[in-house]
Amino acid sequence: MSAVDHPAPARDIRERFGFWRRSYAMLVKEFIQLKRDRVSFAMIVMLPVMQLLLFGYAINTTPHHLPSAVLLQEDSDLARSVLKALENTAYFRFIYEVHDVDDFDNLLKSGKVLFGVEIPRGFERAVRRGDRPALLVAADATDPIAASAALGSLGMVVQTALAHDLYIGNPPEMPFEIRAHARYNPAAASSLNIVPGLVGTILTMTMLIFTALSVTREVERGTMESLLSMPIRPVEVMFGKIIPYVLVGFVQAFLIIGIGVGLFGVPVLGNLVLLALLSTLFITTNLSIGYTISTVVQNQLQAMQMSMMFFLPSILLSGFMFPFAGMPAWAQYVGECLPLTHYLRIVRAIMLKGATMQNLRFDALALAILMLVAMTIAVTRFRRTLD
Amino acid sequence: MSDGNGIAIDVKGLTKSFGGREVVHDLSMQVKRGSIYGFLGPNGSGKTTTIRILCGLLTPDSGEGTCLGCDILRDAEKIKRQVGYMTQRFSLYQDLSVRENLEFVARLYGLRDARGAARDMIKRIGLSGREEQLAGELSGGWKQRLALGACTLPNPKLLLLDEPTAGVDPKARRDFWNEIHALAADGLTVLVSTHYMDEAERCHEIAYIAYGHLLAHGTVDEVIAKSALTTYTVTGEDLNGLTAALTGKPGIDMVARFGTSLHVSGHDVAALEASIAPWREKAGLHWHKSSPSLEDVFIELMSRSKDNFQ
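Line order of the protein sequences matches chains E and L. If you number the first sequence the way my numbering does, the last residue is 387 and the count never jumps. If you number the second sequence the way my numbering does, the last residue is 310 and the count never jumps.
Hints were generated in silico from the structure; no laboratory data involved. All figures in this text were calculated on a predicted structure; none of them were measured in a lab. For each residue, glycine too, the CB sits at the ideal point set by N, CA and C. Check before you lean on any hint, since a few could be wrong.
Here are the simulated SDA-like cross-link-like pairs (lysine to any residue), alpha carbons at most 20 Å apart as the crow flies [said to hold, decoys possible]:
| # | chain 1 | residue 1 | chain 2 | residue 2 |
| --- | --- | --- | --- | --- |
| 1 | E | K35 | L | L134 |
| 2 | E | K35 | L | R99 |
| 3 | L | K78 | E | R383 |
Output of the computed footprint for chain L on chain E, the stretches with three or more beta carbons under 8 Å from beta carbons of chain L [said to hold, decoys possible]:
| # | stretch |
| --- | --- |
| 4 | 210-223 |
| 5 | 322-331 |
Over the 10 Å line for every Cβ pair with chain L, so calculated as not near, a few chain E residues [as the list claims (entries may be wrong)]:
| # | residue |
| --- | --- |
| 6 | S153 |
| 7 | M230 |
| 8 | T385 |
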């Protein structure tokens, strides 16, 4: 070595802005490592796109021509025009016409049809008398998404059917009632929930795993020893490790929402800037939780397991899979502690209902609190020595 | 800072246990500024633990002291800013290039021109042309140079090197030691742990540690003199037979083979000479009294400490 020939000039050390400088050093390092990790890098883009395309298309939000049966107890003109109107919605396709209640029930139970329409005896006469008879539409709602769109169209059917019926004309009141009965699963979820919900779910999963591995990876690769011997503080390590992934999360959110709007026609009624801001908050909250996991566990396997421990309740109790309001009180309390719960409300409200910050104050605050709690635990849990 | 006394490391009574096993026992040592201090001892003797305590990576169970005038218990952050620590296992980022690793260190320590500092260091450690190579793809010798470059980059006042030359070829080892001496000449204090006797002899002072106990320290000559060991060197035929015959005889503490010669050592000169007398005049054997080598001293210290502490 040529130490004597080329003495390095002594370089002075800046003491000011130490915090930002060290966080920045960490951040640059993390970015380079992320860039080098081709598989992870590809996952950032592939994961949301694949998931969204799979879920988005597999869970067809507006299925058409669903097999249906009719229990015809009266063969009248009005009954025929109601059936025609139902078929015109394009949701129903009548493949069975039965006259017996047992046959009707069996068709539904066996899954041969998803819908059954029952036209009761004396239907037309009752309508003319102004008795407002009930037309029962029974739906196999074990698959709520399939059933919900069709059930939603029923209201229109009455009007359409009657427009063609000369006997009745255009009465001010509904001459008969359609009683929709969602069998097997009374709580049918709305289909538009899926894409906004996926934004939150995918972000939870990827953000959690990215940071959950970050500290344990340093320990397992032996680089932690050198890092700890340098003058860097736990908060700086944390910021350096979280900030690159905020950008990653942002790209993912953008991709998912972009595909949701472009391919699946999900509207964004609210303010995009507000959506971006609150998404960033949610991303940072998840990254902090992942980072906290990382400071608690011993190795990368444990980190993955703990991430899953957090991810599953997030999916099940946040209102992504089951309606939040339908859960028992204790589950709702657990749900309130999960960032995904709050983000689902935020993202659905902004995209589908055009909500403003005014409406979302509580959920935004909850996210901020969860983030601060996670960060505090992480910074105090971070081992500054190898003890 | 009280660095007027010319002492870089001054610790007393350091003790550290892991899971009930005492790894470092009541260790006290002083290292002069600008000196190269060799840290020797068998595997698992507590060298790495002591080094980690000195740079604030481990907290001692008891004991106190200063490192560069800063209290090792309270001022760990201040110490970290002035100490370069080269770990036993390569601990820079394998997936970062040579340049990126050095720039990371430079930024972390707040060097004014991180890029420039990294560039100068690459030139200094002779890695020009390999700037963009990933650290993980470097050979052992290059990795070691890079690690030394990284820990000297922020101009530390003290270098702690934990077995820096393990698994490095002799040429690279010699270059490395030349660099260490050049750094010490510039006023840097170096504490280096090693297994190699030739490296120990390149140190200004050495300390021998076994089973957590500091057994001997001083210059190489002092350590040899203090051992009070008398050694006879024998050359000739059938040294294997002689080894078997002498081992365990009164006054003979150690019989060790060095190539074509045999070292016979003991503390009690009279007893030793009495025991070897029958073989002194034997044809084909040449005896002469010599001073023990550092290795003789250490092996003897080690076997003695085994009886005392285990």
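Checked hints:
Under the criterion of a C-alpha separation no larger than 20 Å, the hint pairing E:K35 with L:L134 is consistent with the structure, at around 13 Å. The hinted pair formed by E:K35 and L:R99 meets the criterion: a straight-line CA distance of about 16 Å does not exceed 20 Å. Between the alpha carbons of L:K78 and E:R383 the distance comes to roughly 18 Å, so the proposed pair stays at or under 20 Å and holds. For the stretch 210-223 of chain E, the proposed coverage by chain L is satisfied: 3 residues have a C-beta within less than 8 Å of a C-beta in that chain, meeting the threshold of three.
By the rule of at least three residues with a Cβ nearer than 8 Å to a Cβ of chain L, the coverage given for the stretch 322-331 of chain E is violated, with 0 such residues. Listed as a non-interface residue, E:S153 keeps its Cβ farther than 10 Å from every Cβ of chain L; the least gap is roughly 56 Å. Not every Cβ of chain L is farther than 10 Å from the Cβ of E:M230; the closest lies at roughly 5 Å, contradicting the non-interface assignment. Listed as a non-interface residue, E:T385 fails to keep its Cβ farther than 10 Å from every Cβ of chain L; the least gap is roughly 6 Å.
Hint compliance for this structure: hints 5, 7, 8 are broken, all remaining hints hold.
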